[in-house]
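Each chain, letter by letter, is given below.
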Amino acid sequence: MSGTKFFMNFPVTETSHLLDAYTARGGYQALAKALQMQPADVTKEVSAGGILGHGGAAFPAGRKWGVVKLNDGEPHYVCMNADEGEPGTFKDRWLLEHVPHMCLEGLIIGSFALMGRHAFIYIRGEFDLPYRRMAAAIEEAYANNLLGENILGSGYSCDVVLYRGAGSYVCGEASAMLASLEGKKGWPRNRPPRLTVKGLYQKPTVVNNVETLANIPVIIGRGAAEFKKVGTPKSPGTQMISISGHIARPGVYEVEYGYSWEKFIYEDCGGMQDGAALKCIIPGGVSTKLLSAKELEGLTLDHISAVAGGSQLGSGGMMAIAEATCMVRVAQVIQRFYHHESCGQCTPCREGMGWMERILDRIVAGHGRMEDIERLYEIGEANDGTTICSLGDSAGYANTAILDHYREEFEYYITNGRSMYDGRLTVSDPFASALAGAGARG
Amino acid sequence: MRPMKHLIPEFEEWKKRYPAGFEGSLTIPCLRRIQEDRGWIADSDVDELTAYLGVPRTQVDEVLAFYTQFTRKPLGRHHIQVCRNLSCSLRGADGLVAYLSRRLGITPGQTTLDGRFTLSTVECLASCGTAPMMMVGDTYHENLTPESVDALLETLRS
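Sequences listed follow chains A and B, in order. Counted the way my numbering counts, the first sequence spans residues 1 to 442. Counted the way my numbering counts, the second sequence spans residues 1001 to 1158.
To be clear, the hints were calculated from the coordinates, so they are not data collected in a lab. Treat the hints with caution; some may be incorrect.
[Unchecked claim] List of simulated lysine-lysine pairs, DSS-like, C-alpha gap at most 27 angstroms:
| hint | chain 1 | residue 1 | chain 2 | residue 2 |
| --- | --- | --- | --- | --- |
| 1 | A | K229 | A | K5 |
| 2 | B | K1005 | A | K203 |
| 3 | A | K198 | B | K1016 |
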C-alpha cells in the first residue's frame, strides 16, 4: 500500500473519464463550493493546504496565486501547463486521459480565484488522445453550464481555450509557453518581470502544472486541514510517479508523500527487469541528478528527503537503470536530447549543448581524449546560471552527476576505445534476436 | 493545390473563445489545421495565413522552423516517429529503429519510394512506461516487438 490516493481511487473504464462518471464520484462539488466563496479566500485555502507545484520546481502554488493583485483592473490569465515533455515523465498524460474533468475543475477554480475571464490549457502537440479527451470534457462542461456565461448561476463567467503545441520541449518552460500561446516561436523570456506581473499578452498570468490544478478540487472540496493530513508536513498530499527504464512493472503510480522509496521500487514496482540489480535512479526526469542504489537507501518520496539525498523529486518522472548499463552511452542519449531541444536563444546553451554532444559522440566512437572529461565539466559550469531558462543548467547537472558517479567508465572508455559494458543500454532487447544473423546491428 | 479558404469558417469559430485583439495566437492552431488538411504547409498557405491573421510573415516562418511537428514538404502517407530518448533506449529503441529500417528499406529521415512510409526518430513522446514505442500519424503504438511491428506494417500496407 502506498497510502491515500486522490486520483487513482476509482476503476478506470471506457466511460470513467466522462462528465457523468466524474460527477457521480463527487466531481464539480468543489467548484460549486468555491463559487460561493470570495476569490481571495479560495487562494487562502490553497495556500493553507500547503501544496507544492507538481511541475518540477515544487514552488508553493498558493503563494504563486497570491502574488496576483485582484483589484488592479487588468485581465488575469491562468494557464494549465500540459506540455509534458521531460523524458521519463508521463503522469500528466494519465491525468488528462483519465480525469480530464478534475484537471478542468481545478483550472476553473484557479481562474475564479484570480478573477480571470479566459483560461488556457497548453497541451503537448503529440498528445492526441489526451487532447481529444480534454476537448470533449470542455464541450461537456460548456453544455452543463460549468463553463461559459454565469457558471452555475454564480455570476462568474469563464472561457477555456484548449491550445495544442507543435513539438518543442522548451515550451514546457512557463515563459516559452506563453510566447507559444501568443503564436510565436517558444523562446523563454528574461525574468523579472515575473509572469504574475507581465505574462500572457503582458498581463498577470499564473502557469500551473496539470497535477497541481487537478489537486485543487481536492483541497477546496475536503478543505485545507483535511488535505494536510495526507503526506508529510512539508510536502502535503500525494505525488503521481511515472516510472520507466529497467523496472519490472513500469507505469504511473500515485503515492502519498513520505512513502519509502525502496519499498516503492522493490515492492510496488516489482524490482528490476529480469531480476537485474539496480545501478541508479534518475528521480524526476533527465534534468534531475541521478541517485545510486546506495544513495537511495533510507530516502522517502518527498521533496525534503530527495533534496537531502542530493537530488530533487522533480516531476516524479523516475527512470531505473540496471547494473551493467553503459553510463557513457546514457550520457550520450541524454545529451543528444538537450542539444536537440536547445531553442538557440542563449549562446552558452546553443553552442555548449552541441559541443557536449560532439565530445560524447567522439568518446562513444572510441576516439575520446582524457581531457574530454574536464571539458564536459567546464562546459556544464559555463552554462550554469548564464542562460535565460534552466535547460542549459539542467544538461550540465545531468552530465556532471553521471561523471561524478561513474567517472571510471568514461576513463575506461577513453583509454581502451571501448565501453566497460559493451555499450549496453538494455537488459533484454526485444529486437536482438530478430536482428541477429542478418548482419544488422542492434 | 487546395487553398486554406475553406477552413476560415472554422477559424472564425475559434476566435470567439480568445480575448479580443489577440488573433495572432491563432497562428499555431491554424497551421496545425492546415497541415492536418493537406499533410504539409505550402508557401501559399503562409501567404494566405499572414493576410488572414495580420501577423508578420517572419513570425509564421519562424514558427514553422521552430516546431518539429510542422513540415514544409510532403511526407509519406504514414509518418512513423520512433522515440529514442532514454527510457525507450533502455528498452530497445535502437533495435526498433534498426528493425524498421530493415523492414522498410530506408533510414530515418527518408521516405519509401512508393511514398507510403516516412521514418523519423524523435526525442520523448511521454510514453516511457510502455517503451519501446512509436507514433504513426497521431496514434501511439507501445510495448513493441518484432511481431507487433510486422503486424502493424501489414495493416498499414493494405
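Between the alpha carbons of K198(A) and K1016(B), is the straight-line distance 27 angstroms or under? Roughly 24 angstroms separates the two Cα atoms, so the pair holds.
27 angstroms Cα cutoff - pair K229(A), K5(A): Given pair K229(A), K5(A) holds - Cα atoms ~12 angstroms apart, limit 27 angstroms.
Between the alpha carbons of K1005(B) and K203(A), is the straight-line distance 27 angstroms or under? Not satisfied, since the Cα-Cα distance of roughly 33 angstroms exceeds 27 angstroms.
In the structure shown, a violation is registered for the earlier hint numbered 2 alone.
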